[in-house]
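These protein sequence lines map, in sequence, to chains A and B.
For the record, in the first sequence the residue sitting at position 293 is 293 according to my numbering, with numbers rising by one throughout.
Take any residue in the second sequence, count from 1 to its spot, add 749: that is its number in my numbering.
Errors might be hidden in some of the hints.
[Claimed, not checked] Dumping the calculated DSS-like pairs for lysine-lysine here, alpha-carbon to alpha-carbon at most 27 Å: (1) A:Lys613 / A:Lys686; (2) A:Lys185 / A:Lys263; (3) A:Lys353 / B:Lys912; (4) A:Lys727 / A:Lys713; (5) A:Lys409 / B:Lys912; (6) A:Lys495 / A:Lys269.
Keep in mind the hints are simulated off the structure, nothing from the lab.
If you want the building blocks of each chain, they are given just below.
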Amino acid sequence: MKENQDPPLQPILNAELPTSVVQTLDREGGKLHQVQIAAQSDLSPDGQFGEQWLLIDQQDLWVIDRHNGTAHTRHRFPLASIQEAHVERCVGNGLIQITADEQPHVLLHYSNELTDRFGRVAHYVQERADHGPDVPLPSPDADSHRCLACGRFLVDPSSKVCPNCIQRDKLLRRLMSLARPYWGKLGIILALLVAGVVVDLLPPYLTRILIDDVLRADANQNWLVWLVGGLLALQVIRVGLTILKNWLTINVSARFTSSIRDKLFAHLKSLPVDYFDKNQTGRLMTRINQDTGELQGLFSQMTNFALNIMLVLGIGVVLFTMSPALGLYVLIPTPFVLAAAFFYYRYMRPHFKRFWIARWRLNAMLNTFLSGVRVVKAFAQEDAEEGRYHDRNDRLLQTRLQVDLAWSKFFPLISFAFGAGGLIIWYAGGQAVLENRITLGTLMAFLSYLGMFYGPLSNLTQISQALNRFLTISQRVFEMLDEEPQKQAAKPVSKPHIGGRIEFDRVTFGYDPYYPVVRDLDFTIEPGEMIGLVGHSGAGKTTLVNLLCRFYDVTRGSIRIDGVDIRELEMDQVRQQIGMVLQTPFLFRGTLAENIAYGQPDASLYEIMRASKAANAHDFITRLPEGYDTIVGEGGTGLSGGERQRISIARAILHNPRILILDEATSSVDTQTERQIQEALDELVKGRTTIAIAHRLSTLYNADRILVLNHGKLEEQGAPQQLIDNKGTFYNLVQMQSQLARLDGAVAV
Amino acid sequence: MSKAFELVILDPKQVHFERRDDTLSLTLDGDKHYSRVVLRSCFPVSEEQRYLSVLDATSDEQTELGILEDWQALDEDDREAVAQELGLYYLTPAIQRVDEITDELGFLYWTVETDKGTKEFVMRNNVIRHAREVSPGRWLLIDVNQARFEIPDIQALDRASQKLVSRHLYL
Chain A
1 MKENQDPPLQ
11 PILNAELPTS
21 VVQTLDREGG
31 KLHQVQIAAQ
41 SDLSPDGQFG
51 EQWLLIDQQD
61 LWVIDRHNGT
71 AHTRHRFPLA
81 SIQEAHVERC
91 VGNGLIQITA
101 DEQPHVLLHY
111 SNELTDRFGR
121 VAHYVQERAD
131 HGPDVPLPSP
141 DADSHRCLAC
151 GRFLVDPSSK
161 VCPNCIQRDK
171 LLRRLMSLAR
181 PYWGKLGIIL
191 ALLVAGVVVD
201 LLPPYLTRIL
211 IDDVLRADAN
221 QNWLVWLVGG
231 LLALQVIRVG
241 LTILKNWLTI
251 NVSARFTSSI
261 RDKLFAHLKS
271 LPVDYFDKNQ
281 TGRLMTRINQ
291 DTGELQGLFS
301 QMTNFALNIM
311 LVLGIGVVLF
321 TMSPALGLYV
331 LIPTPFVLAA
341 AFFYYRYMRP
351 HFKRFWIARW
361 RLNAMLNTFL
371 SGVRVVKAFA
381 QEDAEEGRYH
391 DRNDRLLQTR
401 LQVDLAWSKF
411 FPLISFAFGA
421 GGLIIWYAGG
431 QAVLENRITL
441 GTLMAFLSYL
451 GMFYGPLSNL
461 TQISQALNRF
471 LTISQRVFEM
481 LDEEPQKQAA
491 KPVSKPHIGG
501 RIEFDRVTFG
511 YDPYYPVVRD
521 LDFTIEPGEM
531 IGLVGHSGAG
541 KTTLVNLLCR
551 FYDVTRGSIR
561 IDGVDIRELE
571 MDQVRQQIGM
581 VLQTPFLFRG
591 TLAENIAYGQ
601 PDASLYEIMR
611 ASKAANAHDF
621 ITRLPEGYDT
631 IVGEGGTGLS
641 GGERQRISIA
651 RAILHNPRIL
661 ILDEATSSVD
671 TQTERQIQEA
681 LDELVKGRTT
691 IAIAHRLSTL
701 YNADRILVLN
711 HGKLEEQGAP
721 QQLIDNKGTF
731 YNLVQMQSQL
741 ARLDGAVAV
Chain B
750 MSKAFELVIL
760 DPKQVHFERR
770 DDTLSLTLDG
780 DKHYSRVVLR
790 SCFPVSEEQR
800 YLSVLDATSD
810 EQTELGILED
820 WQALDEDDRE
830 AVAQELGLYY
840 LTPAIQRVDE
850 ITDELGFLYW
860 TVETDKGTKE
870 FVMRNNVIRH
880 AREVSPGRWL
890 LIDVNQARFE
900 IPDIQALDRA
910 SQKLVSRHLY
920 L
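Chain A on its own, in the form it takes in the complex (with noise of 0.2 Å):
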């Protein structure tokens, strides 16, 4: 069973075969030396976790299960035979499907950790079926969810290397060298610190003279007054060091952090769409702000830490000085301190991590119920809201309830290994003094010291937990700064002014580029065209509109403008010259006017207005109280949603694109609205390049031509009438619509 949870690293190029699969092979005629490529699954045909390998050699395809040592083909195929091969997704599972001699035929199973990997087997065959054996072999990368340095599963699919593989000194290296314009005032902190310490250790020395030489009938009574006074004096210090220590500290790292999230920000900002597609915004919300205030409180801690460790190590020196038999005693209850400290993190922590999840759980409950209050209402489910919100309530108690018995237990138990220390010392130190060994000054400094000891000590078990935290988050962090921007060509090709010819040339492309969403694109539009796109949701609509401003990359084929690849293009100068009106406009927080002049900011206040006056837009906007200034965005004027589409439409007049896509700008609006908008829009196109997507059909009338998509395929296409007349998909979908818009009392087409 072992190497079955191991799967090998390296599987799609001739990994080490079991002897029994080879010999399988061989038995049946395949070629060893021919093997291009052998993937092994990690689930047996029965649903087993067990061991499947696809092989590839020059002629068949081939599955073979092994089991207990021995292997027997599943299924062989002439590669000649297989049509079509893709991969699907299961629960919990993948399998890969091809269409052999049009049989389907699915050829085995495996878990989702090796998604990836036989989706690259099922992308070569596919290309293998349309493009002849010359394809390349899929590269034998390692799989995408495994540490790149050690191989070990990746917790963290958005990291690229395990936390037990990060360099420590190479991270180190480099915090420091971000924190250079610090280093001055990290060098003052240390030595407050130091000073704090030596200022620390002074008080019960003093007591000691206060006891052994003042405080005596016979001795200089005189010094009381002195030393109280220096007493007072080395308090006065001690605060006046703690405020300009802990001052430095927040400075410091509340300066270092906010660096760290401008420069995080930055590169953000260049990052492909692609990387926000991986990285859900809560993710990245996260990173940038959770971590970096993270780092700046364990930044603190850090500090914290010097000084406990300054602290343990001078006390340390100071008490085997006093007295080193003593000091051996100091010894003896360290362990119980220590390993106190240690079960306190792992016996209470999950007391408190239970409170906070039935407390949070509580909190979301109550937060939904807000919420959606009037549909409680509606079906009447008070009753059964606050059965559930007692439950949760409940649990919330319990959960409290046993954090404070496990407190109420532990803190007796931990205040009893720090006492008995003390007890130690009183009674091994009280022995010293009868025997005069020590003086009674020495015994009561050194009680102090000790008071002093434990505290830092049993701080101190939690260094390495922080230094561990500290490290990944950092790492986490130069991760996302390492990130690779959006390639640019090395010499990109300038366009100030492109004339707005479109061609896509048998581009195919998918998010995740084992499940194509788009295939064999072939078109061509003219400068100034307007173009209908249509077809059901998930046919490729947007996608086409995403490929074309390049947010992504085609898997293959091309797409240019004015004959240029868009890979080649100046791709700012580019996008600068398309305009979007989308499905939701997106309004930021902000005037109306700084709103409308998003991609222009320079625009003056009049064609500000003379863009919202040809959006349809100007009359709402001046009869607004604030009226161009009115704030919008969130926490702003709410507007309604055919106002928000009128406002960035003016956001697309101002601009002036060369080339314009309309996604769906009408679909969420009533037909008084749309009326409204279609008439700016009919304004706004006049001249450019037009892609419009709608779903309502009768937006397109005026549409120089229709594209049809299905599936991701170019289904058909030409001028609407004659669509029409052909009586394809078109047809059909504009017989539905009119039907449907019978029902609504208007007309479609």
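Since the structure of chain A is provided, determine the placement of chain B on it from the hints.
Frame of chain A, contents of chain B only:
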């Protein structure tokens, strides 16, 4: 078009499945043959035995052919084929023993014995999102690859396993 909005319930007498190697095919009403179909359970967690959606895997959008209300009512051969297919489609190993769970920097590394063999997996240590109690004592775990593992009944595990699980899932 109205047909697309109505549930089609399949008559178990008219449904005949056949598994050829790993491919499940279907003959409906004696004459309609589908060379590959996919089965999906409508309630895979709460009602595994009932309401099976049967899809035509050869069509582009995998259209639903209909719903099998109770697939236990099928003939024995068909039932066997369905059970095999579902066993492959839904990979949710049931955890029978937990050998080890380690908590490392926000991730839980599990080593478990399941009904499908020994397995190691890694789960985000975010219990709220990745572990779900689907019914009292029954837990569903989702690992970093979206693979699923089930603890059918926590009380049925041995003491050591129970202790590990409740410690790390904060039960």
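| field | Earlier hints that do not hold, by number | value | none
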